[in-house]
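Asker: Residue numbers (this note's numbering), protein chains in the order written: chain A, 62 to 405; chain B, 62 to 405.
Simulated from the structure, these hints should not be mistaken for lab results. Possibly wrong hints are sitting among the right ones.
Because identical chains share one entry, a pair is satisfied inside a single copy or across any pair of copies.
Claimed, not checked - Derived SDA-like pairs (lysine to any residue); straight-line CA-CA distance at most 25 Å:
#1 Lys223 - Gly304
#2 Lys241 - Ile124
#3 Lys403 - Glu115
#4 Lys108 - Leu364
#5 Lys177 - Lys369
#6 Lys391 - Glu295
#7 Lys177 - Glu140
#8 Lys223 - Glu388
#9 Lys219 - Glu353
#10 Lys177 - Glu74
#11 Lys223 - Gly240
#12 Lys216 - Ser351
#13 Lys312 - Asp193
2 protein chains.
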Amino acid sequence: MSEHLFLRACRNEKTERTPIWVMRQAGRYLPEYRAVRAKHDFLTMCKTPELAAEITVQPIDIIGFDAAIIFSDILVVPEAMGLSLKIIESKGPSFDNPVTGTGDIEKLTTTGIADKLKYVYDAVKLTKKQLDGRVPLIGFAGAPFTLAAYMVEGKGSKNFEKIKTLIFKEPVTAHKLLGKITKSVIEYLKGKIEAGCDAIQIFDSWAGVLPPDYYEEFSLRYINEIISAIKTEEIPVIAFPRGIRNLEVMKSSPCDVVGIDWESDLSKVKDILGSSKVLQGNMDPVILLSDEKKIVTEAGKVLDKIGKDGGHIFNLGHGILPGTPVENIKALVKFIKEESFKYH
Amino acid sequence: MSEHLFLRACRNEKTERTPIWVMRQAGRYLPEYRAVRAKHDFLTMCKTPELAAEITVQPIDIIGFDAAIIFSDILVVPEAMGLSLKIIESKGPSFDNPVTGTGDIEKLTTTGIADKLKYVYDAVKLTKKQLDGRVPLIGFAGAPFTLAAYMVEGKGSKNFEKIKTLIFKEPVTAHKLLGKITKSVIEYLKGKIEAGCDAIQIFDSWAGVLPPDYYEEFSLRYINEIISAIKTEEIPVIAFPRGIRNLEVMKSSPCDVVGIDWESDLSKVKDILGSSKVLQGNMDPVILLSDEKKIVTEAGKVLDKIGKDGGHIFNLGHGILPGTPVENIKALVKFIKEESFKYH
């Protein structure tokens, strides 16, 4: 498995072409996903290894991506820490009992996380069996700041006033919360790797809501702590700091790959990070709502920006949209598989 | 009036201290605003010159900002072009009849805009009288792309799939829409200047939803067209391209001042734009929810980043939040008025 295209690209080794997978590839744009979803709610799908495995493998069978990513949700970790999670897929997740202060933080548990999340490990094992060596399996977790944001806000937010006010007014308390989450995520990811994941992605989906001066102290250092704790030669780690402007800070991270959002100018990012990190991204997912001609043009632009130096994994700059026509994502994968040879 | 601190700062002339105003300063954080709002709906307040003037002047009397900005909404222009506007302040604005294609674009009117928006000019005239030369009055408009985004989506949006798909699939149609909006905005702003506005700000609130490769063609060129059409020696123009990463593109704009969002690293922006543009911004509005000590520390950081070269107007990097305690914004204004002398 370690010689698979995707894993070689993660390690910045020479590859014959650019690998491709997309965030949320096991998701609502697939009729086969919607068929399962019609019968089960989102969390049941996460917690039933047979369903999670089925959904994880669907886009490999149907679209032909170069990596699978285990179907799950970043918020299963806060749930295992004691918060009560609800996920309504169209509305986003919420917690009935958000963290409101020191007392709530003390109540959060960091022990037995792996036991409570055994269903994820079972899903990983089952998926690995079904993938049967065809493609590597990515495991993932939320970055501590992103998880803390959900845990304190109780749900998604426009301005993230609560978590940011906690950071601005009570930095010591904020660090206590982030430290507990970090400990839990480390235990969780170690279990995922042990269960068979071949690579790890850390989603810092709300990274962009921290002012630039605050990112390293309140988010990146915890991501780096996790990576240092779980990293081995065999398991590459992708960090996705969605929305940050100062991508330079990622240079000092022990991650192998940096996920780049579509708002970033990939040429500039390459100048800044290209010599130290593999880049993953970054086509705008809305492009996939247009037509094959446009998709191929835009995907070609992404390949052109990277050029012939390698160190690139093709992905979108955010999750694939539920309204994406299946033939459009198929056209993208076909194009990358057939045309990216020219850049290698 | 042209010798007022704020206008001199806009023209990058030497000033004795840094001027300060904040976006949405005539807004819900003020009990005096909420008292008026309790009796009238948002659009009635925009359309009744006496109310608009009263609300515009409130933050000058109560907080002591260095500039007033006329109370209004960017969407009065699309309304004058023929769309049916509803504003529910807590939910955001919406149009009952969004633009869905070429037919709808052809139906939009670009004539008689100034007649339909006479209530704004009347509000400007009345406000100027009430301000009585104390501070300059800023007039504003939405950038054509931001207005088009609202007009096509029908309301705010998470992914802006409709306007972006129009741009990706039908660029010629998109340009037709943007051209008509530009024509209307030019007429509108000329009227505002004639009515007495001393400076103009163009809000490109959704600039960040365009991929970087698309910003200049589908947004900035129209902003620049407007500025070239309305600009005189006396009336400085501020452009606020909220959310864009490639601030370099603003170098070539004929604007005098660039508004900087709080997500940007002001030190870097200064390196990029500081020699060609005055910078306005960029403290995170959430800082104002903390306490005086934190506010003063963070405001000091903003002043430090600009240093002693001048060319700065203090502002937030986004609108002041409704939950901001009045004593906190007062503390910020006091600090800037008393401490920014040291930097000049």
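Asker: Now tell me, hint by hint, if it's right for this structure.
Answerer: Cross-check of the supplied hints:
Proximity of Lys223 and Gly304 under a CA criterion of 25 Å is satisfied in both settings, with 19 Å inside one chain copy and 22 Å between copies. For the homomeric pair Lys241 and Ile124, neither the shortest alpha-carbon distance inside one copy (39 Å) nor that between copies (42 Å) is at most 25 Å. Taking CA atoms no more than 25 Å apart as the test, Lys403 paired with Glu115 passes in neither setting, with 34 Å inside one copy and 65 Å between copies. Proximity of Lys108 and Leu364 under a CA criterion of 25 Å is satisfied in neither setting, with 38 Å inside one chain copy and 51 Å between copies.
For the identical chains of this complex, Lys177 and Lys369 are neighbours neither inside a copy (45 Å) nor across copies (57 Å), given an alpha-carbon limit of 25 Å. Taking identical chains as interchangeable, the C-alpha atoms of Lys391 and Glu295 are never at most 25 Å apart, the minima being 30 Å within one chain and 56 Å between chains. Proximity of Lys177 and Glu140 under a CA criterion of 25 Å is satisfied intra-copy only: 9 Å inside one chain copy versus 55 Å between copies. Taking the shortest Cα distances, Lys223 and Glu388 sit within 25 Å of each other only across copies (19 Å), while inside one copy they are farther apart (42 Å).
Taking identical chains as interchangeable, the C-alpha atoms of Lys219 and Glu353 lie at most 25 Å apart only when they sit on different chains, with a minimum of 24 Å there against 34 Å within one chain. Taking the shortest Cα distances, Lys177 and Glu74 never come within 25 Å of each other, neither inside one copy (37 Å) nor across copies (64 Å). For the identical chains of this complex, Lys223 and Gly240 are intra-copy neighbours only, at 18 Å inside a copy versus 41 Å across copies, given an alpha-carbon limit of 25 Å. Taking the shortest alpha-carbon separations for Lys216 and Ser351, only the inter-copy value of 21 Å comes in at or below 25 Å, while the best intra-copy value is 31 Å.
For a Cα distance limit of 25 Å, the shortest separation of Lys312 from Asp193 qualifies neither inside one copy, at 35 Å, nor across copies, at 54 Å.
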